[in-house]
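Make the full structure from the sequences, and use the hints.
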Amino acid sequence: MTALVLLDHENGHIKKAALSAVTAAADLGEVHGLVVGDASVAQAAASIAGVTRVLHAQGAAYEHFLAEPLASLIVSLASQYDHIIAAANAVGRNVLPRVAALLDVQPIPDVVAVIEKDTFIRPIYAGNALATVRSTDAKKVLTIRGVAFDAAATQGGSATIENVADEKGTEADFSRFEAVHLTDSKRPDLEAARVVVSGGRGMQSEEKFHILDPLADILGAAIGASRAAVDAGFVSNECQIGQTGRIVAPELYMAFGISGAIQHLAGMKDSRVIVAVNKDPEAPIFQAADYGMVADLFDVVPQLVTALTKS
Amino acid sequence: MTEENINDSERESLIYDVVIVGGGPAGLAAAIRLRQLSSEISVCVIEKGSEIGAHIVSGAVIEPRALAELLPDWQKQGAPLETPVTTEEMFYLTPTGQMRIPMLDKVMPYLANHGNYVVSLGALCRWLATQAEALCVDIFPGFAGADVIIEKNRVVGIRTGDMGIGRDGKHKPDFQPGVDLRAHYTLFAEGCRGSLTKKIIAHYGLNQGADPQTYGLGIKEVWEIPAENHRPGLVQHSFGWPMDDRTYGGAWLYHFGKNLVSYGFVVGLDYTNPWLSPFEEMQRVKLHPVFRRSLERGRRIAYGARALSEGGLQCIPRLTFPGGALIGDSAGFLNVPKIKGTHTAMKSGMLAAEAVADAYATQRVEPATFTDRVRHSWLWQELHAVRNIRPAFARFGMRAGALYAALDTMVFKGRAPWTLHFRHADHETLRAASLCQKPFYPKPDGTLTFDRLSSVFLSATHHEEDQPVHLCLKSSSLWKTVNWDVFKAPETRYCPAGVYEVLDEEKAPTLHINAQNCVHCKTCDIKDPTQNITWTVPEGGNGPNYPVGM
Amino acid sequence: MKILVPVKRVVDFNIKPRVKSDGSGVETAGLKMSMNPFDEIAVEEAVRLREKGIASEVVVVSIGVQQAQETLRTAMAMGADRALLVLSEESPEPLAVAKVLMKLVEKEQPHLVILGKQAIDDDMNATGQMLAGLLGWAQATFVSKIEIAENRARVHREIDGGLEELSLKLPAVITADLRLNEPRYATLPNIMKAKKKPIETLNAADLGVDMMPRLQILSVAEPANKKACVLVESVSELVEKLRNEAKVL
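Chains as they are written, first to last, in the numbering used here: chain A, 1 to 311; chain B, 312 to 861; chain C, 862 to 1110.
Misleading hints may appear alongside valid ones.
What the hints assert, rightly or not - Using 20 Å as the maximum straight-line C-alpha spacing, the simulated PhoX-like pairs for lysine-lysine come out as follows:
1. Lys15/A - Lys1108/C
2. Lys913/C - Lys310/A
3. Lys863/C - Lys1006/C
4. Lys569/B - Lys863/C
5. Lys1030/C - Lys168/A
6. Lys269/A - Lys893/C
7. Lys877/C - Lys16/A
8. Lys1108/C - Lys310/A
Simulated from the structure, these hints should not be mistaken for laboratory data.
Model, not experiment: these values are computed from the prediction.
Given below as structure tokens:
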């Protein structure tokens, strides 16, 4: 059994979610990586622990991971593989279903656990239920949720690199890349952020809410808020996390002065690690949290900033 | 109220012969009866819930009498009356024990449930809606009646709410003005304390000569329990603990459907202790062995709440006005001692339909024969026989009230030569917080008992957040001097949805309204001590989304 | 230009779904069903393109049970011109849906297919991409802006950390993300008009598409309850735990 994992990258670095996909693939058998673009990335891919071969395709067509040429490339390589895998991120979600259609396979998106070579667990209904599904297709096409698997080590492997090409897929003029606009604020998007720092009514005022800014800066975090904080006018409603606001699932979610109304929990409960700081030991947020601290957030936040700056 | 000032060119109107406001049992029965009587009368029903049944909460054990009169082949047509009542028990509760009332059929004959069914009223309404649609009734869920149109002192229809108005009152890009639904006759079937009904009653003074209406708040949960514990058709009621002698209230528990249990609690809104929390009463009664038995190892799947009219006959206002009528619980046709209102609501809708068809044929403005039709129907007889029971509880307390009720029923057989009256409206009954004792409410255990917010979550209530707050506080200083200083914010306790919250209790207490949580029960509109809170309709389609089972 | 918009009937987004007690799936009986919210955005976009004079006709299609016609009526009340209902089992898989849609594209010859990026029930996020693959068309997923000019569509795609602008050769498949637009309310007069618009009913079997699911659902479970919260006493303890135990710093 061999799996092909699409290793997408940004600024010369293989994305962490793709490294998690390697870990998931390792449960299924031998792992080959596919890199499109710069040769240096293929080199980096060759040293990922657990990857035994790297397929490398070059060409301008792949520069922006456009779905049409990339899917065509993967399909041209698919015959040797039992599993075709990518991260469940903007690239993988865009490309792999197209690959699956061309292979006449029903894809399995957002896998959070591998049970058997053909059996996987994936969330449905926005994570309110987990379905265990078995694929009856000869090949399995999967995307992997990054938070569910540790990233593979970027060192320790010594894969061979093999050049591949797919002329057919790069000829047609389907879609053309025009531009990219990365969010220029230093704050990442709430939905895309690795860390979210969030405040509730306990923040007391619009002014005091800014106590979270330096903490968010250090952590490279997005800033969120509970409905109570938005209602009180501390922050704009774009920050609202909850059933009726944004739904986030970062690696780390830090809740300050948030009581944890169920509507709020619905918007963040899938975060990998939840930290709650609240004066009220009875606050429901502690039921959802992994780590809690019963304390005044106005003491804790500056201390956290100091502790994190030092290290 | 809108008085002949329609010059808004954006506003469209639709014309029907009859417009019915509210898709509950009364409104749907009226719609069906109208189309049965005449295929020439065009009828539409508007419903503020996102679908028919979305805002329906009821126990419910129903008596199929009115349904059989309306649709004699209801069984063949698959009406969702699937669980006949098999066993009935009434308990007087003490904190740890209970006494089962013997000879229930003699002491409380109005409670005899032989031939009745445990149903989901939401399911029944959905079914009635399909019957109505088959008769070419236009049903529009997701549209709220926001205003009554009155021209030359005649009701000529209603205006649906505008959509797409921001919290600041400004039009958003998706603004859509409401539509005028114009009709020869408009029937108000909004249920208890309807917001348009309230305007109509005030405009025409319909409640002159009637006792002030008294209300109850019913809070309900649906549970799914293990099959081995399920006894379909088991009907249980309780009174006594945890209510004190001055407070009317009790629990119900019905086994129905596929391993489902309906559990709920009703508190009379004439209660006096501002510390009382109907929600927490309903939670703690589940811990009593009588109810715990059924619910243990089950899981809660739905939650909802709704006020109901408890006053009975003495409180029913004048039923008709130029251009329409009040039907169902909008008028107050609930039979409280019987703990049933569906059959009376449906019957009142059917009788109103007959009166409207008659007025339509003879071109009269007011369907005035409705009142006479009610007086000569079993509906009247039934309500007349029990008219003294609820006021006796209000006047004599629970134990003496129960004795009186037995006397009135067994000796006078409901024909006592006097009628007891209600003296106070429910908003006048609270005593100062400092004079009352706080009840002890145990902390939710997360398996049998729960907190408010996780409960509200199960109601699946939803309100577009960027819209004006639909719970209007007329004066915040009045709130401070009366609600806070005297009663210590009773709204934070009686609201079963956690809408009301006091901020900054220590320094400068203010009332915060979480309108998004509202489950449209109307209790605040009823119980606020100075009538300082007015419940208005939010955007159509907002509010709870109760599943079949409620 | 004709636009085809596939729409799906799903459990309303306000309702928290409940796993059946036997673990065989999610309970949908008796729950309010609505149009998938992303599909509503797709319908809105198509109707706006017609209102701007760019599109000439908006055809909506739903694949599923008979009641899906209510969803189609809603789409027509929003402004779609006519509808196709392809009868099949409830909630067929994206592969089968894409194949049915391919047949309908052959029949209707649209220049553009706009769909929601994913259905909120099975969260597959696949149908649009698969349809584009089967048709050999250009695709753009997670789109938050569409401009049509000179037989190309210029779109904004939401990607990790920002926006990407693409120019697609038409015909193409576009999937709608949340920020593409705010769908309009269906007004009463438009609901009345929608009752008179035509719905053509077809059978999936008659289209010659194999609807057999490729995935077997072995079980459905609620996510496990989180383990109890670890209470920490100090900031330094918190940082230590986040760094060494949770490994998130």
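Going through the hints against the structure:
1. Lys15/A - Lys1108/C: Measuring from Cα to Cα gives roughly 18 Å; hence the hint holds.
2. Lys913/C - Lys310/A: 58 Å, violated
3. Lys863/C - Lys1006/C: 19 Å, holds
4. Lys569/B - Lys863/C: 48 Å, violated
5. Lys1030/C - Lys168/A: Measuring from Cα to Cα gives roughly 17 Å; hence the hint holds.
6. Lys269/A - Lys893/C: Cα-Cα ~24 Å, so violated.
7. Lys877/C - Lys16/A: Not OK: Lys877/C and Lys16/A at ~32 Å, beyond 20 Å, violated.
8. Lys1108/C - Lys310/A: Holds, because 18 Å separates the two Cα atoms, which is no more than 20 Å.
The structure does not agree with the numbered hints 2, 4, 6 and 7 stated previously, though it agrees with the rest.
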